[in-house]
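One point on numbering: in UniProt numbering, the residue at position 72 of the sequence shown is 72, and numbering is uninterrupted.
Hints in this document: simulated from the structure, not taken from any laboratory. Bear in mind that the values here come from a model prediction, so they are computed numbers and not experimental data. Be a bit skeptical, because a hint or two may be false.
With a straight-line Cα cutoff of 27 Å, these simulated DSS-like cross-link-like pairs (lysine-lysine) come out [to be verified]:
id: 1; residue 1: K303; residue 2: K186
id: 2; residue 1: K219; residue 2: K170
id: 3; residue 1: K170; residue 2: K124
id: 4; residue 1: K52; residue 2: K124
id: 5; residue 1: K221; residue 2: K203
id: 6; residue 1: K186; residue 2: K203
id: 7; residue 1: K203; residue 2: K222
id: 8; residue 1: K303; residue 2: K124
id: 9; residue 1: K251; residue 2: K221
id: 10; residue 1: K170; residue 2: K251
id: 11; residue 1: K102; residue 2: K44
id: 12; residue 1: K251; residue 2: K102
id: 13; residue 1: K186; residue 2: K219
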Amino acid sequence: MVCPSAPQHHHGEAVDITSKPGASEPRPKRRCRRARKRPNQNAKQMERRARKAMAPFVSSGSGDPSHLDPPTNQGLDSDYDSVANDKDLELDVEQSHDKEEKPHFYYVNPARQHDPLPHEPITKQEHLPLYHRLSFGTVIIAPRNRVAFCKAQWIPFNSMSPDQLNGWEKLVFHLLERCNHVSPVKTNGAQTGGMMWADGWRKSSDPDQSLGRFCCVGKMKKAMERAQYNPVSEAAGIREASDFISLQLQKFAPGVFESCRQLLIDSRFPSMAQMEYPSPYTSDDFASFLTFTMFNFYNQPHKDSDVNDWTLVIWIPIFNPQTRTEDDPVLADEGFDMMGGQFTFRDFQVYLDLQEWKVYSYWFFLPNV
Numbered sequence: 001m002v003c004p005s006a007p008q009h010h011h012g013e014a015v016d017i018t019s020k021p022g023a024s025e026p027r028p029k030r031r032c033r034r035a036r037k038r039p040n041q042n043a044k045q046m047e048r049r050a051r052k053a054m055a056p057f058v059s060s061g062s063g064d065p066s067h068l069d070p071p072t073n074q075g076l077d078s079d080y081d082s083v084a085n086d087k088d089l090e091l092d093v094e095q096s097h098d099k100e101e102k103p104h105f106y107y108v109n110p111a112r113q114h115d116p117l118p119h120e121p122i123t124k125q126e127h128l129p130l131y132h133r134l135s136f137g138t139v140i141i142a143p144r145n146r147v148a149f150c151k152a153q154w155i156p157f158n159s160m161s162p163d164q165l166n167g168w169e170k171l172v173f174h175l176l177e178r179c180n181h182v183s184p185v186k187t188n189g190a191q192t193g194g195m196m197w198a199d200g201w202r203k204s205s206d207p208d209q210s211l212g213r214f215c216c217v218g219k220m221k222k223a224m225e226r227a228q229y230n231p232v233s234e235a236a237g238i239r240e241a242s243d244f245i246s247l248q249l250q251k252f253a254p255g256v257f258e259s260c261r262q263l264l265i266d267s268r269f270p271s272m273a274q275m276e277y278p279s280p281y282t283s284d285d286f287a288s289f290l291t292f293t294m295f296n297f298y299n300q301p302h303k304d305s306d307v308n309d310w311t312l313v314i315w316i317p318i319f320n321p322q323t324r325t326e327d328d329p330v331l332a333d334e335g336f337d338m339m340g341g342q343f344t345f346r347d348f349q350v351y352l353d354l355q356e357w358k359v360y361s362y363w364f365f366l367p368n369v
């Protein structure tokens, strides 16, 4: 109800409204009651919304995320696209690298929960303004009042400790070295460009075997003949790489780690760190295999049939291994240039921008949202 403005009065005195011509008698003014506001109502509502969105990523043994303070307006992305908003938020993140970064949330308005261009197979660069851009910090994306379908994080190389930087460099060198022992995945209907490798366990095509490790017998035979393949050291390297990825996952999304690990154990799948099957599981085992891509790899739109609910993606910008020398750095912290690099969630009109160099990122998302 909209109430007319009234003249000033004191001590709650009733104010008469001057009668209009033709009115039989003056009528007293009706008092206007303002809606009662509960203290911290908005903060509590935002906290409930944040806890619901965070639920898939929280460890089952930790209850509600203890580190999650009630979000403020600065910690929430609006439902409206704004270049100015993105710039302001990026400045906030740049000033807080030294602190333990809290996630910010992007809640998708119901009006934006549809594909704006359903007939366009791959999102074109000129149509990106139709989507909300996310490009920094730690972000959780969720439809409003529902659980999140994505958690992403961008970490600048210059914010890492020497040990962290060394860990990621070792992982990259390990993956590049694995190219000497496994063949690229054969081009399928979805793969359009670039190259992909797989490492770990897969279903065997041999009718006498149920499982087998990805490998190239010809490459391994030649490496053994040149005394360049040591099974013990290879097994140790695979275990170290697997445990390193596992540790990042446990820190980033312990709830997802628990879900993946439980599925691995319940299904009696081999762990990618195991050289023989069956073997006892360790506390860091969580997946049977991984894939990695290079040289402008991309797929046509398709739908996978993975048993896992979540997909982990790690984006690490590196210099071209075919042209770099042994003295050159492997991580592309300078002189890196890229076109494109957006990962779009079209049904929610939001995208992750990976064009910022000097940064690596990783994220989880539900593949069938």
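Hints and how they fare:
At roughly 18 Å between alpha-carbon atoms, K303 and K186 fall within 27 Å of each other, so this suggested pair holds. Restraint check for K219 and K170: the C-alpha separation of about 22 Å stays at or below 27 Å, so the hint holds. Between K170 and K124 the alpha-carbon distance is near 35 Å, which puts this suggested pair outside the 27 Å criterion. Restraint check: the Cα-Cα separation between K52 and K124 comes to about 33 Å, which exceeds 27 Å; the hinted pair is violated.
Between K221 and K203 the CA atoms are separated by roughly 22 Å; this keeps the pair inside 27 Å, and the hint holds. About 16 Å separates the Cα atoms of K186 and K203, which keeps this hinted pair within 27 Å; it holds. With a C-alpha separation of about 25 Å, the suggested pair K203 and K222 falls inside the 27 Å cut-off, and the hint holds. As the CA atoms of K303 and K124 are separated by approximately 20 Å, the hinted pair is consistent with the 27 Å bound.
A distance of roughly 39 Å separates the Cα atoms of K251 and K221; the hinted pair therefore is violated under the 27 Å criterion. For the proposed pair K170 and K251, the alpha carbon gap of about 19 Å is at most 27 Å, so the pair holds. Taking the CA atoms of K102 and K44, the gap is about 18 Å. The hint holds against a cut of 27 Å. In summary, the hint linking K251 to K102 is supported, as the alpha carbons are separated by about 13 Å, within the 27 Å threshold.
Taken as a hint, the K186 and K219 pair is honoured in the structure, with Cα atoms around 16 Å apart against an allowance of 27 Å.
Violated hints for the displayed structure, listed by number in ascending order: 3, 4, 9.
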